[in-house]
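There are 2 protein chains.
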Amino acid sequence: MNDNDTILLDHGAGGKVSHAMFSELILPLFDNGLLAKQDDGAVFEVPAGRMAFSTDSYTVDPIFFPGGDIGELAVNGTVNDVAMCGAAPLYISVGLIIEEGMKVFDLKRILQSMAGAAKKAGVRIVTGDTKVVPRGKVDKIFINTSGIGLLPVGVNVSGNGARPGDKVIVSGTIADHGVTILSEREGLKFDSDVKSDSAPLNHMVKAVLESGHPVHVLRDPTRGGLGTTLNEIAVQSTVGIRLFENRLPVRGPVRGICELLGFDPLYLANEGKLIAIVPGTNANKVLDIIRQDEFGKDAVIIGEVTDQDPGRVVLETLIGGTRIVDMLTGEQLPRIC
Amino acid sequence: MNDNDTILLDHGAGGKVSHAMFSELILPLFDNGLLAKQDDGAVFEVPAGRMAFSTDSYTVDPIFFPGGDIGELAVNGTVNDVAMCGAAPLYISVGLIIEEGMKVFDLKRILQSMAGAAKKAGVRIVTGDTKVVPRGKVDKIFINTSGIGLLPVGVNVSGNGARPGDKVIVSGTIADHGVTILSEREGLKFDSDVKSDSAPLNHMVKAVLESGHPVHVLRDPTRGGLGTTLNEIAVQSTVGIRLFENRLPVRGPVRGICELLGFDPLYLANEGKLIAIVPGTNANKVLDIIRQDEFGKDAVIIGEVTDQDPGRVVLETLIGGTRIVDMLTGEQLPRIC
Ligand SMILES: Nc1ncnc2c1ncn2[C@@H]1O[C@H](COP(=O)(O)OP(=O)(O)OP(=O)(O)O)[C@@H](O)[C@H]1O
Ligand SMILES: Nc1ncnc2c1ncn2[C@@H]1O[C@H](COP(=O)(O)OP(=O)(O)OP(=O)(O)O)[C@@H](O)[C@H]1O
Ligand SMILES: [Mg+2]
Ligand SMILES: [Mg+2]
Ligand SMILES: [Mg+2]
Ligand SMILES: [Mg+2]
Ligand SMILES: [Mg+2]
Ligand SMILES: [Mg+2]
Chain A
1 MNDNDTILLD HGAGGKVSHA MFSELILPLF DNGLLAKQDD GAVFEVPAGR
51 MAFSTDSYTV DPIFFPGGDI GELAVNGTVN DVAMCGAAPL YISVGLIIEE
101 GMKVFDLKRI LQSMAGAAKK AGVRIVTGDT KVVPRGKVDK IFINTSGIGL
151 LPVGVNVSGN GARPGDKVIV SGTIADHGVT ILSEREGLKF DSDVKSDSAP
201 LNHMVKAVLE SGHPVHVLRD PTRGGLGTTL NEIAVQSTVG IRLFENRLPV
251 RGPVRGICEL LGFDPLYLAN EGKLIAIVPG TNANKVLDII RQDEFGKDAV
301 IIGEVTDQDP GRVVLETLIG GTRIVDMLTG EQLPRIC
Chain B
1 MNDNDTILLD HGAGGKVSHA MFSELILPLF DNGLLAKQDD GAVFEVPAGR
51 MAFSTDSYTV DPIFFPGGDI GELAVNGTVN DVAMCGAAPL YISVGLIIEE
101 GMKVFDLKRI LQSMAGAAKK AGVRIVTGDT KVVPRGKVDK IFINTSGIGL
151 LPVGVNVSGN GARPGDKVIV SGTIADHGVT ILSEREGLKF DSDVKSDSAP
201 LNHMVKAVLE SGHPVHVLRD PTRGGLGTTL NEIAVQSTVG IRLFENRLPV
251 RGPVRGICEL LGFDPLYLAN EGKLIAIVPG TNANKVLDII RQDEFGKDAV
301 IIGEVTDQDP GRVVLETLIG GTRIVDMLTG EQLPRIC
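Protein sequence lines correspond, in order, to chains A and B. Position 310, counted from 1, in the first sequence is what the UniProt record's numbering calls 310; the numbers after and before it change by one each time, with no gaps. Position 169, counted from 1, in the second sequence is what the UniProt record's numbering calls 169; the numbers after and before it change by one each time, with no gaps.
To be clear, the hints were calculated from the coordinates, so they are not data collected in a lab. C-beta: ideal position from N, C-alpha, C; glycine also. The reader is advised that the hints may include incorrect statements.
[Said to hold, decoys possible] Computed cross-link-like contacts, BS3-like style, restricted to lysine-lysine with a CA-CA straight-line distance of at most 30 angstroms:
{"#": "1", "chain 1": "B", "residue 1": "108", "chain 2": "A", "residue 2": "16"}
{"#": "2", "chain 1": "B", "residue 1": "140", "chain 2": "A", "residue 2": "140"}
{"#": "3", "chain 1": "B", "residue 1": "37", "chain 2": "A", "residue 2": "285"}
{"#": "4", "chain 1": "A", "residue 1": "103", "chain 2": "B", "residue 2": "137"}
{"#": "5", "chain 1": "A", "residue 1": "137", "chain 2": "B", "residue 2": "37"}
{"#": "6", "chain 1": "B", "residue 1": "167", "chain 2": "A", "residue 2": "37"}
{"#": "7", "chain 1": "B", "residue 1": "119", "chain 2": "B", "residue 2": "108"}
[Claimed, not checked] Some chain A residues close to chain B (C-beta under 10 angstroms, calculated; not the full set):
{"#": "8", "residue": "38"}
{"#": "9", "residue": "263"}
{"#": "10", "residue": "312"}
[Unchecked claim] Here are a few chain A residues that sit away from chain B, every Cβ distance over 10 angstroms (derived from the structure):
{"#": "11", "residue": "4"}
{"#": "12", "residue": "81"}
{"#": "13", "residue": "105"}
{"#": "14", "residue": "119"}
{"#": "15", "residue": "139"}
{"#": "16", "residue": "316"}
Work the whole structure out from these sequences, hints included.
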């Protein structure tokens with residue numbers, strides 16, 4: 001397939017042209033023996049134990065943005081959701097829905113990003129599906145990824161595991177992805193290094209879990225941001241969560257854009273950050289481990305779990321007052337991921 | 001949520017309104033403990049052994065049609081792809097991409113169909129994702145499903161398993177789904193019982209595999225139809241396949257519509273049929289087992305595997321000649337599934 005060619009309906013018809021695209025474009029990039037069999041699904045051995053299974057669809061606009069693209073986002077997103085279950089992600093599926101007329105050049109870039117992201121995370125893309133819909137019936141390309149992984153023996157993390165006395169760690173600065181998409185969408189060209197934080201978190205999770213320090217909750221604060229995700233946890237665990245505004249890590253330029261446009265970084269999406277809720281006694285050790293990861297350098301303890309106001313997240317503000325942090329209400333930014 | 005409400009961007013923002021939709025609409029319908037945990041993915045025990053993993057996205061237009069809808073299609077399609085690997089499907093994921101403005105009433109119907117199809121197939125929808133995109137950015141609703149299942153010990157089916165001397169069984173009439181969508185799309189209102197064959201095939205596969213009769217290939221002839229699927233198998237197995245036109249099961253009204261509109265039933269999609277390729281000595285026994293299944297009553301042996309013209313499918317026509325059946329070239333019908 002030539003870079004200047006465009007995707008035709010035929011590429012999604014399941015016939016000769018679909019097969020050619022699979023052989024010439026997809027298989028060489030995702031390169032693995034399970035995919036090469038071209039059966040209705042991938043078949044592989046699994047050991048006895050617990051498995052995690054997750055899915056996400058990606059509709060982000062624009063599809064290319066500073067720090068990544070829809071393909072990288074799609075792989076990292078599902079890798080992260082599987083990792084947030086405490087599992088080591090292994091296999092990923094990909095479902096492409098492409099708009100007729102897309103440039104092969106753009107599709108190739110996206111598939112290359114997916115292949116690169118899979119390699120970095122150490123997962124394999126073993127099964128997939130490709131649909132092409134007529135012009136105007138989908139905006140450029142939507143991608144679904146699903147993933148499975150295996151849980152180590154003894155690991156038990158869940159949104160309902162937070163306990164009073166636990167500390168809340170965030171693995172780095174917040175709102176980077178949200179602000180990046182926002183800026184692109186608004187056509188803002190800041191002379192700054194604002195870029196998406198899209199990253200795989202499975203290696204970080206593995207290091208933390210292998211350390212043997214107990215971990216109660218892991219979750220990636222994506223859509224809805226840190227504020228919404230902590231509310232989910234507070235509800236699921238029937239606990240209060242207290243945050244300290246002065247500890248919230250927000251990059252300067254990100255904070256600047258938020259102030260300019262009137263957005264609260266607590267509600268903007270992250271695509272390469274996790275929240276870890278761990279017993280207070282071990283929090284500093286877990287923090288150290290997270291900081292050793294490539295994507296955890298800026299990790300900090302931002303709050304604690306309490307037995308007050310179960311289901312509520314409260315923020316201790318810079319000026320010493322407190323305010324309730326509710327879940328996101330209203331759509332700030334459609335097609336953020 | 002009220003039937004007359006419409007879906008807003010907010011339903012896909014991951015905040016309060018998204019959570020309400022999950023609790024009020026999705027969870028009650030898909031009703032199961034794994035989903036109820038609302039974690040980043042579902043976690044469950046698996047025994048040691050071989051697992052199959054598959055995915056498909058559905059963009060069918062119209063979303064409601066005689067014999068089914070996009071929701072039922074999405075569940076059955078992935079159940080069937082997992083089953084075609086020789087596995088018993090267990091768990092399904094669902095990724096919804098909804099156009100802003102969709103009627104809650106329509107979404108509910110689709111989710112009810114998914115729940116019903118899951119129940120019929122005996123699988124559980126354990127994890128999912130919901131995105132809403134602005135009006136005009138997607139046509140009504142697209143659905144991805146992925147699925148996993150377990151292979152019984154000793155089962156080995158693959159598109160590369162066909163051997164000269166094998167017989168080719170199809171589990172029922174062909175082209176029903178394709179002709180149904182075609183007729184709806186063209187606004188043809190035939191006074192006939194033309195309807196989609198969307199159905200779960202996992203129970204049929206289970207009965208065949210449990211019988212202990214060897215099975216070399218299982219595949220569902222979806223996009224591209226029987227003709228394309230048999231070509232895939234001929235290539236993967238490096239064998240010839242010989243079909244007998246007088247044995248191809250096509251319902252009268254389906255044949256009529258094909259003749260009227262100039263379509264070849266060999267290239268039209270099926271959504272509830274399988275091809276089984278089995279050793280000639282056991283073919284009649286396998287046929288009997290398939291016929292006992294609710295969705296296999298019209299199963300027939302339609303051809304045989306040969307060592308002539310490897311990679312080719314040849315049709316012995318009604319008038320005694322032969323013609324080559326190639327893979328589908330050109331898109332007959334976009335958004336068939
Ligand atoms: N985008 C993709 N990435 C990776 N693999 C893909 C992709 N698209 C298709 N494949 C692989 O190509 C093969 C054929 O896919 P296809 O979707 O045609 O099969 P199917 O699901 O059985 O048919 P249908 O989609 O019509 O139901 C499968 O092995 C599938 O995993
Ligand atoms: N359509 C759906 N069907 C079934 N379950 C769903 C559906 N949509 C969401 N869920 C479930 O709701 C919970 C929250 O889903 P959500 O997509 O917000 O989580 P996430 O993937 O971690 O976040 P994000 O999508 O922002 O990355 C999950 O447990 C998910 O399985
Ligand atoms: Mg198939
Ligand atoms: Mg996610
Ligand atoms: Mg497919
Ligand atoms: Mg998540
Ligand atoms: Mg399929
Ligand atoms: Mg999600």
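Hint by hint, here is what the structure shows:
no.	hint	verdict
1	108(B) to 16(A)	violated (37 angstroms)
2	140(B) to 140(A)	holds (16 angstroms)
3	37(B) to 285(A)	holds (28 angstroms)
4	103(A) to 137(B)	holds (18 angstroms)
5	137(A) to 37(B)	violated (34 angstroms)
6	167(B) to 37(A)	holds (22 angstroms)
7	119(B) to 108(B)	holds (16 angstroms)
8	38	holds (6 angstroms)
9	263	violated (13 angstroms)
10	312	violated (14 angstroms)
11	4	holds (21 angstroms)
12	81	violated (4 angstroms)
13	105	holds (22 angstroms)
14	119	holds (19 angstroms)
15	139	violated (4 angstroms)
16	316	holds (23 angstroms)
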